[in-house]
Amino acid sequence: MDFDFAAELPKLVQLLIGVAAFLVVVAVILLLVDRAPMRRRAWIHATILLLPALLFLAIGLVVPAVRTTLLSFLSGDGKEWVGLDNYAWMFTQPEAVTVLRNTLVWVLLVPILVTSVGLVYAVLVDRTRFESLAKSLVFLPMAISFVGAGIIWRFVYAYRSEEQDQIGLLNQITVAFGGEPQQWLQEAPLNTLFLIVVMVWIQAGFATVVLSAAIKGIPAEIVEAARLDGASPLQMFFQVTLPSIRSAVIVVLVTQSIGTLKLFDIVRTMTGGQFDTSVIANEMYNQAFRYGETGKGAALAVFLFVLVTPIVIYQIRQRREAVR
Amino acid sequence: MATLTQTVVRPEATTAPQRVRRRLSGRVASAVAIVIAVLWTTPTFGLLLSSLRPEDQIKSSGWWTFFSSPQLTLENYQEVLFGTSSSSGQMMSFLINSIVITIPSVLFPLALATFAAYALAWLPFRGREWIYIGIFALQIVPLQMALVPLLSFFSEGVSVFGLQLMPAWDLEGPARFVQVWFAHTCFALPLGVFLLHNFMSELPGELMEAARVDGASHGKVLRTIVLPLVGPALATFAIFQFLWVWNDLLVALIFAGGTPESAPMTVRLAQMAGTKGNEWQRLTSGAFVSLVIPLLVFLSMQRYFVRGLLAGSVKG
Chain A
1 MDFDFAAELP KLVQLLIGVA AFLVVVAVIL LLVDRAPMRR RAWIHATILL
51 LPALLFLAIG LVVPAVRTTL LSFLSGDGKE WVGLDNYAWM FTQPEAVTVL
101 RNTLVWVLLV PILVTSVGLV YAVLVDRTRF ESLAKSLVFL PMAISFVGAG
151 IIWRFVYAYR SEEQDQIGLL NQITVAFGGE PQQWLQEAPL NTLFLIVVMV
201 WIQAGFATVV LSAAIKGIPA EIVEAARLDG ASPLQMFFQV TLPSIRSAVI
251 VVLVTQSIGT LKLFDIVRTM TGGQFDTSVI ANEMYNQAFR YGETGKGAAL
301 AVFLFVLVTP IVIYQIRQRR EAVR
Chain B
325 MATLTQTVVR PEATTAPQRV RRRLSGRVAS AVAIVIAVLW TTPTFGLLLS
375 SLRPEDQIKS SGWWTFFSSP QLTLENYQEV LFGTSSSSGQ MMSFLINSIV
425 ITIPSVLFPL ALATFAAYAL AWLPFRGREW IYIGIFALQI VPLQMALVPL
475 LSFFSEGVSV FGLQLMPAWD LEGPARFVQV WFAHTCFALP LGVFLLHNFM
525 SELPGELMEA ARVDGASHGK VLRTIVLPLV GPALATFAIF QFLWVWNDLL
575 VALIFAGGTP ESAPMTVRLA QMAGTKGNEW QRLTSGAFVS LVIPLLVFLS
625 MQRYFVRGLL AGSVKG
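Top line first, the protein sequences correspond to chains A and B.
Residue 175 in our numbering is what sits at position 175 of the first sequence, and the numbering runs on without skipping anything.
Residue 502 in our numbering is what sits at position 178 of the second sequence, and the numbering runs on without skipping anything.
The hints are simulated quantities; they were obtained by calculation from the structure and are not laboratory data.
By construction, the Cβ of each residue, glycine as well, lies at the ideal position given by its N, Cα and C atoms.
Take these hints with a grain of salt, some might be off.
[Unchecked claim] Interface residues of chain A toward chain B, partial, derived using beta-carbon atoms under 7 Å: (1) 33; (2) 49; (3) 56; (4) 93; (5) 97; (6) 143; (7) 144; (8) 167; (9) 274; (10) 304; (11) 310.
[Stated by the list, open to error] If you anchor each label on the Cβ, the simulated ranges turn out as follows: (12) A:94 with B:556: 28 to 38 Å; (13) A:250 with B:402: 26 to 36 Å; (14) A:250 with B:495: 19 to 29 Å; (15) A:16 with B:378: 14 to 24 Å; (16) B:537 with A:27: 40 to 50 Å.
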């Protein structure tokens with residue numbers, strides 16, 4: 001029980017080295033920019049300021065993305081060209097197909113649920129006395145790691161056999177209503193839905209905050225005019241509120257789709273991808289880093305890239321139109 | 325103006341049944357809002373309460389029974405934080421790792437993105453539009469795509485056709501933090517450059533022109549004019565990056581490994597959830613330890629965070 005602080009010292013030394021390196025980098029860049037010839041030489045300054053970021057991007061993203069694409073056409077040990085075999089595996093093997101199906105369910109459900117809950121909540125608490133507290137409560141899970149959230153919800157779903165007292169809230173409620181306790185996370189296909197609940201719980205606050213701001217941006221005259229016409233709350237919502245905040249709704253839907261596609265942590269903490277709950281990102285990790293099947297892992301990563309690309313391009317278009 | 329019409333018009337506009345309906349729907353609406361708020365708060369509250377209950381009670385009864393037989397202890401925290409056996413949490417070591425990982429992983433991208441964004445926003449050079457679009461587009465690349473090659477970059481160095489251009493890094497022990505910093509810096513840059521560029525390009529150009537005419541260097545303009553003005557944007561990105569790095573599991577799993585020497589708390593928690601899934605006294609208190617710091621940062625900086633979030637999403 002006695003924790004040894006001295007044993008932790010090397011880490012703190014490392015931290016000091018890191019911070020010192022940071023200061024040196026910043027100082028060198030600023031010094032170079034200050035010393036560089038001033039007149040009509042914008043590109044020299046630009047190079048000094050841009051080069052570090054571009055180097056990191058090249059080493060960390062551009063080159064790896066190209067190499068991963070190449071890897072996806074190689075066998076597991078990276079020595080033989082196998083053409084499209086890895087992709088064929090992805091779309092034909094039953095376990096891989098389950099992964100794709102799960103990912104599809106996630107990407108269809110999460111953005112819609114997150115946006116709906118966030119929208120309903122934002123409308124309901126709009127202009128009430130407790131608005132800012134109410135929004136904070138729902139926003140709070142945003143600060144929690146997916147791993148932490150996974151543990152919080154494992155506890156909610158915890159299972160004890162029927163004779164014992166339940167310690168998980170969901171089973172306690174089930175028992176209280178006369179049901180039998182369930183192993184929520186082990187029975188496919190429902191367990192995927194129970195994992196999705198966790199994601200929705202984390203992200204709904206983001207939707208609430210963004211949509212709430214958009215609602216506040218609706219011109220007061222429009223709201224007033226609709227009210228004078230005797231619009232009911234539901235009519236208000238569908239004919240005034242919703243059309244006015246269309247672009248914010250799309251932003252939330254798009255960011256949620258991208259985040260959901262890359263999701264990894266929740267599945268890993270809560271089921272480890274067992275019981276038919278795995279998704280692309282989790283399977284990619286398993287293949288590449290646990291089974292040594294870098295080819296298959298790379299193919300999954302490339303597929304992820306293909307799925308994300310159109311969404312991001314759509315987002316860029318939206319942004320351009322909004323700017324215009 | 326709007327409030328004026330409201331007060332003038334309301335007496336005739338709302339008939340009695342309308343008023344009743346509005347009050348009714350108001351009540352239903354508040355009820356739904358309260359239900360959502362309770363649903364969203366209960367799981368975390370249950371975790372906090374559980375983490376403070378004695379071990380035998382956590383394992384045998386639900387946290388809600390606390391209200392009939394209250395009993396609290398700090399023993400779980402004591403054990404999970406300071407226990408040194410490998411079965412205890414050893415969270416203190418992992419907590420320190422999380423801090424060591426996070427600070428440089430926030431500082432580096434913050435500085436590099438600021439420099440890059442300034443160059444892209446205020447330096448007239450050929451091709452800057454293309455570089456900006458290129459960096460923006462890199463947001464498309466999923467992290468997963470970069471992991472395997474980046475790892476081999478560290479472990480094998482760079483060689484082209486058998487010619488070793490850069491040696492392997494072969495980092496061990498605390499030096500592995502460098503890999504994690506490096507990876508987080510790379511992955512944060514596209515979003516960082518994008519966010520800061522948005523803010524910087526909206527600054528009034530005359531300010532900088534004037535300073536330049538007076539003979540100020542770009543470094544001086546950046547330090548004395550731009551930095552103070554983009555403070556809120558920097559804060560937003562810093563919080564964003566802090567939460568992302570602190571809460572990250574995937575990058576840490578791959579670049580920091582799983583030992584108390586270099587892995588952050590998220591990795592440890594994931595391990596505990598996997599192997600000791602029923603040791604609830606450690607899981608709950610461990611999870612809570614990992615939540616506290618981001619929660620505090622988040623609550624105290626929430627204003628900036630929300631403002632930055634909105635600048636990035638709603639406006640565009």
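Each hint tested on the structure:
Hint status for residue 33 of chain A: holds, given a least beta-carbon distance of 4 Å to chain B, under 7 Å. Below 7 Å, beta-carbon pairs count as interface contacts, and residue 49 of chain A has one with chain B at about 4 Å; its hint therefore holds. A cut of 7 Å between beta carbons decides the hint on residue 56 of chain A: the least distance to chain B is about 5 Å, and the hint holds. With a cut of 7 Å, the hint placing residue 93 of chain A at the interface with chain B is violated, because the nearest CB-to-CB distance is about 19 Å.
With its C-beta approaching chain B no nearer than about 19 Å, residue 97 of chain A sits outside the 7 Å limit, and its interface hint is violated. Using the Cβ-Cβ criterion of 7 Å, the hint placing residue 143 of chain A at the interface with chain B is satisfied: the shortest such distance is roughly 4 Å. The restraint placing residue 144 of chain A at the interface with chain B holds, with a minimum CB-CB distance near 5 Å, inside the 7 Å limit. Given hint, residue 167 of chain A at the interface with chain B, holds; its Cβ is 5 Å from that chain's nearest Cβ, closer than 7 Å.
The criterion of a C-beta within 7 Å of any C-beta in chain B is not met by residue 274 of chain A, whose closest approach is roughly 10 Å, and the hint is violated. The interface hint given for residue 304 of chain A holds, since its Cβ lies 5 Å from the closest Cβ of chain B, which is under the 7 Å cut-off. A hinted interface residue such as residue 310 of chain A counts as satisfied when its beta carbon comes closer than 7 Å to some beta carbon of chain B; here the least separation is about 10 Å, so the hint is violated. Between residue 94 of chain A and residue 556 of chain B the beta carbon distance is about 51 Å. The supplied range of 28 to 38 Å is therefore violated.
Here the CB-CB span from residue 250 of chain A to residue 402 of chain B is close to 49 Å, at odds with the stated 26 to 36 Å. At roughly 43 Å, the beta-carbon separation of residue 250 of chain A and residue 495 of chain B lies outside the given 19 to 29 Å, and the hint is violated. Remark: the range hint 14 to 24 Å for residue 16 of chain A to residue 378 of chain B is contradicted by a beta-carbon distance near 40 Å. Our hint of 40 to 50 Å for residue 537 of chain B and residue 27 of chain A is violated, since their Cβ atoms are close to 26 Å apart.
The structure does not agree with the numbered hints 4, 5, 9, 11, 12, 13, 14, 15, 16 stated previously, though it agrees with the rest.
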